[in-house]
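The task is simple: from the sequences and hints, build the whole structure.
Chains as they are written, first to last, in our numbering: chain F, 147 to 356; chain W, 147 to 356.
Rather than coming from a laboratory, the hints here were simulated on the basis of the structure. Ideal Cβ positions, reconstructed from N, Cα and C, are used throughout, including at glycine.
Partial selection, computed: residues in chain F whose CB lies under 8 Å from chain W:
hint, residue
1, Ile150
2, Arg199
3, Ser212
4, Val223
5, Gln225
6, Thr227
7, Leu228
8, Lys236
9, Gln278
10, Val279
11, Ile281
12, Gly285
13, Pro286
Protein chains: 2
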Amino acid sequence: MKAIIQRVTKASVTVGEQQISSIGRGLCVLLGISTEDTQKDVDYMVRKILSLRVFEDDAGRAWSKSVVDRELEVLCVSQFTLQCVLKGNKPDYHKAMPAELAQPFYNAMLERMREAYTPERIKDGQFGAYMQVHIQNDGPVTIQLDSPTASTDPKQLAKQEKAQQRKEKTRPKDHNKGATPAADKAARRPDQDPSASSGAEGDVSSERDP
Amino acid sequence: MKAIIQRVTKASVTVGEQQISSIGRGLCVLLGISTEDTQKDVDYMVRKILSLRVFEDDAGRAWSKSVVDRELEVLCVSQFTLQCVLKGNKPDYHKAMPAELAQPFYNAMLERMREAYTPERIKDGQFGAYMQVHIQNDGPVTIQLDSPTASTDPKQLAKQEKAQQRKEKTRPKDHNKGATPAADKAARRPDQDPSASSGAEGDVSSERDP
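This is how it looks when you write it as structure tokens:
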């Protein structure tokens, strides 16, 4: 999973002429879910978004406080284009989780974030709609995060692999423990239906509308 | 170098009460320059930003045309926070090119982009200032790009290394050929002054203001 986290003075979403969501000071998060993402990526991303120290403290010291510390708001918008792979200059989206799976996965993630913070302070766009996202980036301050699955750092990958092996040895049956039902279902999908993450859908994926 | 490219209906930059820059339809690009970046990264990034197919064609077919094809505008804003490395939940910026080097490097990159397109269609923020960047993300469509130096893909790195070795064998003296003077200077810096990219500045870098 990839996240683009922008610190904002305010942000909002409009669909057509209608404003469907808005926040004041806080974070605007664009989230790109990949075919590989599991509950582990959700957990990591929720924790990081809510704990990332990009706000100043009362004494004005920068990089001291998180969105939760300052009791600010979060506007999350699903953004499959973050999973693009360039074929020359043309974006290809076969790595993005298909919408019918990404939607329950994304909703479960929002739910998780609301549980971990305060439901009223987590706002949303409209999944799959053509939106205008109005972002007043404050600073600007923009942080790009990759969840463990998205990481291509060889050291990190080796570490993950070892951790996974240990996990499989000791707890073979409950590796999805703690997952909410929708995320759990989506997380298991790649194992249960290998064709779902194949290139079959990739042929037309670059035609996918935002 | 890292770039966050947002397709926009419009975008602008204000410093204090004053609007210093604005564009209509086009791309808002947030650019994070690292201590490792060279002219090669500049060339790659300029080419990709201008050629990326994120606009529809006249028949409404998505992902067909670039910002240049459609004669639209680009608003570039330097964004060192993209080079953050998380220490726990605190961003650390020792990988970001220090401002006194990043500024000429960034200006040379803008110059390059103006040469490659039309000077009037490339707008800028105010380097190092505390800005509000107003972004109306259209779709939303957001693409994250890493230049070759920033890539951690082992295959890609091996490929780069081989290419570099070939280059050094055949053209030992002109590996910065074609670089504009400022970018050239900045590009050579890591070799000439190894201490400049050391962690010396890293101790206070997370205190760096946006």
